[in-house]
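Student: The chain contents come next:
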Amino acid sequence: MSLLKITNLKANINDKEILHGLDLEVNQGEIHAIMGPNGSGKSTLASVLTGREDYEVTDGKVDFLNKNLLEMSPEDRAKEGLFLAFQYPVEIPGVSNANFLKAAVNEKRKYQGLDPIDAIDFLKMMREKAKLIEIDPSFFSRSVNQGFSGGEKKRNEIFQMAMLEPKLAILDETDSGLDIDALRIVSNGVNQLKTKDNAFIIITHYQRLLNYIVPDFVHVLSNGKIIKSGGKELALELEEKGYDWVKDGTI
Amino acid sequence: MSQEIKEKDDEILEQLTNSEYKYGFFSDIEQEFAPKGLNEEVIRFISLKKNEPEFMLKWRLKAFNFWNKMKEPKWSKVKFPQIDYQDSYYYAAPVQKNKPNSIDEVDPEILEIYNKLGIPLNEQKRLQGVAVDAVLDSVSVATTFKDVLAKEGIIFCPISEAVQTHPELVEQYLGSVVPFTDNYFAALNSAVFSDGSFVYIPKGVRSPMELSTYFRINAASAGQFERTLIIADERSYVSYLEGCTAPQRDQHQLHAAVVELIAHKNAEIKYSTVQNWYPGDKEGKGGVYNFVTKRGLCEGDNSKISWTQVETGSAITWKYPSCVLKGDNSIGEFYSVAMTNHYQQADTGTKMTHLGKNTKSRIVSKGISAGLSDNSYRGLVKVTKKADNARNFSQCDSLLLGNKCGAHTFPYLEIQNQSATVEHEATTSKISEDIIFYLNQRGISTEDAVALIVNGYAKEVLNQLPMEFAVEAQKLLAISLEGSVG
Numbered sequence: 001m002s003l004l005k006i007t008n009l010k011a012n013i014n015d016k017e018i019l020h021g022l023d024l025e026v027n028q029g030e031i032h033a034i035m036g037p038n039g040s041g042k043s044t045l046a047s048v049l050t051g052r053e054d055y056e057v058t059d060g061k062v063d064f065l066n067k068n069l070l071e072m073s074p075e076d077r078a079k080e081g082l083f084l085a086f087q088y089p090v091e092i093p094g095v096s097n098a099n100f101l102k103a104a105v106n107e108k109r110k111y112q113g114l115d116p117i118d119a120i121d122f123l124k125m126m127r128e129k130a131k132l133i134e135i136d137p138s139f140f141s142r143s144v145n146q147g148f149s150g151g152e153k154k155r156n157e158i159f160q161m162a163m164l165e166p167k168l169a170i171l172d173e174t175d176s177g178l179d180i181d182a183l184r185i186v187s188n189g190v191n192q193l194k195t196k197d198n199a200f201i202i203i204t205h206y207q208r209l210l211n212y213i214v215p216d217f218v219h220v221l222s223n224g225k226i227i228k229s230g231g232k233e234l235a236l237e238l239e240e241k242g243y244d245w246v247k248d249g250t251i
Numbered sequence: 001m002s003q004e005i006k007e008k009d010d011e012i013l014e015q016l017t018n019s020e021y022k023y024g025f026f027s028d029i030e031q032e033f034a035p036k037g038l039n040e041e042v043i044r045f046i047s048l049k050k051n052e053p054e055f056m057l058k059w060r061l062k063a064f065n066f067w068n069k070m071k072e073p074k075w076s077k078v079k080f081p082q083i084d085y086q087d088s089y090y091y092a093a094p095v096q097k098n099k100p101n102s103i104d105e106v107d108p109e110i111l112e113i114y115n116k117l118g119i120p121l122n123e124q125k126r127l128q129g130v131a132v133d134a135v136l137d138s139v140s141v142a143t144t145f146k147d148v149l150a151k152e153g154i155i156f157c158p159i160s161e162a163v164q165t166h167p168e169l170v171e172q173y174l175g176s177v178v179p180f181t182d183n184y185f186a187a188l189n190s191a192v193f194s195d196g197s198f199v200y201i202p203k204g205v206r207s208p209m210e211l212s213t214y215f216r217i218n219a220a221s222a223g224q225f226e227r228t229l230i231i232a233d234e235r236s237y238v239s240y241l242e243g244c245t246a247p248q249r250d251q252h253q254l255h256a257a258v259v260e261l262i263a264h265k266n267a268e269i270k271y272s273t274v275q276n277w278y279p280g281d282k283e284g285k286g287g288v289y290n291f292v293t294k295r296g297l298c299e300g301d302n303s304k305i306s307w308t309q310v311e312t313g314s315a316i317t318w319k320y321p322s323c324v325l326k327g328d329n330s331i332g333e334f335y336s337v338a339m340t341n342h343y344q345q346a347d348t349g350t351k352m353t354h355l356g357k358n359t360k361s362r363i364v365s366k367g368i369s370a371g372l373s374d375n376s377y378r379g380l381v382k383v384t385k386k387a388d389n390a391r392n393f394s395q396c397d398s399l400l401l402g403n404k405c406g407a408h409t410f411p412y413l414e415i416q417n418q419s420a421t422v423e424h425e426a427t428t429s430k431i432s433e434d435i436i437f438y439l440n441q442r443g444i445s446t447e448d449a450v451a452l453i454v455n456g457y458a459k460e461v462l463n464q465l466p467m468e469f470a471v472e473a474q475k476l477l478a479i480s481l482e483g484s485v486g
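So the sequences go chain by chain: A and B.
The working numbering applies: residue 1 is where the first sequence begins, and numbers increase by one.
The working numbering applies: residue 1 is where the second sequence begins, and numbers increase by one.
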């Protein structure tokens, strides 16, 4: 079933058009990788889909589970099951990971008409998911991302994803700044969280991550449009020949 | 920053300033006033009304004469138009036919005011384990659980009553920590104060319940000048809470209170305040001027005084709850959350004066500024020559919402003893658009996000409050910030 259908999406920031008519369809159970050079619009796409206000959509439509995604508030998009693993996760002093996640989980439950989660069940759930991402439980009481290394912050993003069980997760350059061990842990987490019902969009510069998380589709984004799509072997080809190869090919 | 982001910020500020003051109602009850203005006659009137012994009147008149020669202090960062001290009432009291002997005899209209505030004075309905003294304008109207406390030998009553029933204690301690010569507003208060709470905990007694005073200004153009005096005798313990609200009025109201605490050997006093005086409207019209002197004396060895304050109200807050650490090994603590919004101004902090050996003090101050407000921390840590091995730790954090507010920190250190250890940490942070969006992306609405951030930020201080009030304070912070960021 189709989770996400983007048709002819055009978006501006500061009156400058960044996305020039982008099309993409993601079905349940699929992993899509989006690659492309700096400034091609990868992070803009993530921001527009999650509803960052600085971006203005000028044309096109986006359906998420057959609903008009662009009409929803950022928090409703999240509660519908859209998750973004941020490229630069923020620090929130004084707010513990546990408190923050409890608020997030309960907002989602409220949206689904469920009662707030029981404290003991919540703790159990955290322990379970922490194991998956190889996170020490002492981390629960630490303030969100405060004093975390770059790698720890990225792991926290994946941990949050595990807790919130989104239908569609966008990983925005989660691999950048990760050492090999962290990369393995993050990838393991994603692979274990993957089911036949959910889907992932992985935004990355490098082919490296795709050795660990094997995509069903690879798309090349250039100048605000998807200019080439293929299977996982496209990533290898890109690594070898560079982005100019595809760019040249289309012009 | 792009134009769009700026507009968003403006919208955020707009929403923030839309939260309303919940306690702004005014009750039309029959009241008795002293003639407007301030002179010896008015002071004699107040003293007579209170049927005070001679020593009180003398003390008041001395304070008044001293005040007359003083000038308003100008050193704080707050700005306000010249106050006309002759244009205010210095005594306003609800007319009660007979002096009530129990809560059942209190005028139902007055009980209704406190019910509206969520402070039912009826003892059966009252939260378990909290005794309340309710002060309306200038007089105490009801004190709950007096009998239960009396069994332990604890005196908890309006100070006007203590003047009658325990004049020796009042004469001994009144002005012993904050003399009327201390400052302009303390002198004014000493001259005209009409009521407040009095607490005496005898030797070796732990108060079986929280004691609490609820202050309410009701009358227009009336100043409130209450005086609180708490004495913890040797090895005793008391936890005391003060709450405050006022009606929404266009004119400014003056509140100049004095609180004195005395902790004897091995005694501990915990004093918590949730201050929510009317802060004025969005344009900065009206609101309470809160000029308060609070000081605790750790008189005996091993004594401890701890101040916790959550300040969300008042147009102007000028207040420095302080500790004089006289006894050896005594401990002073100050935990504060001061939140300002709209045109509010706060200049608040503490003074820790180390006199005894091995004395310790701890200061945790959290300022939150929003709207067009200005928030200053001002603190003094003073270690005198004889205070060997004194230790102080201070932490002053500021949190900014939007870009039109201000936060300032003025730490003063006066160290005269080489063996002192003094640490000071300070941070300033801003609730950024990025943090809000991050929380939005996790399904948390902007309003809840701000409340989460602010409560997280203030947690260390809120944790110091007695449980039932911590919840109240958390809600208060959330309400005061309603719709704060886009």
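In short, the hints are calculated from the structure, not lab data.
Small disclaimer: the values here were computed from a predicted structure and weren't measured.
Among the hints, erroneous ones may be present.
Said to hold, decoys possible - Sample of chain A residues with no beta-carbon within 10 Å of chain B, all distances over it, derived:
#	residue
1	Ser2
2	Leu70
3	Leu114
4	Asn211
Stated by the list, open to error - Now the in silico label distances, taken between C-beta atoms and shown as ranges:
#	chain 1	residue 1	chain 2	residue 2	range
5	A	Gly242	B	Ala426	43 to 51 Å
6	A	Ala119	B	Asn463	16 to 24 Å
7	B	Glu72	A	Asp54	30 to 38 Å
8	A	Asp54	B	Phe33	54 to 62 Å
Glycine included, every Cβ here is placed at the ideal spot set by N, Cα and C.
Student: Of all the hints numbered above, which does this structure not satisfy? Sort the numbers upward.
Tutor: Of the numbered hints, just 7 does not hold.
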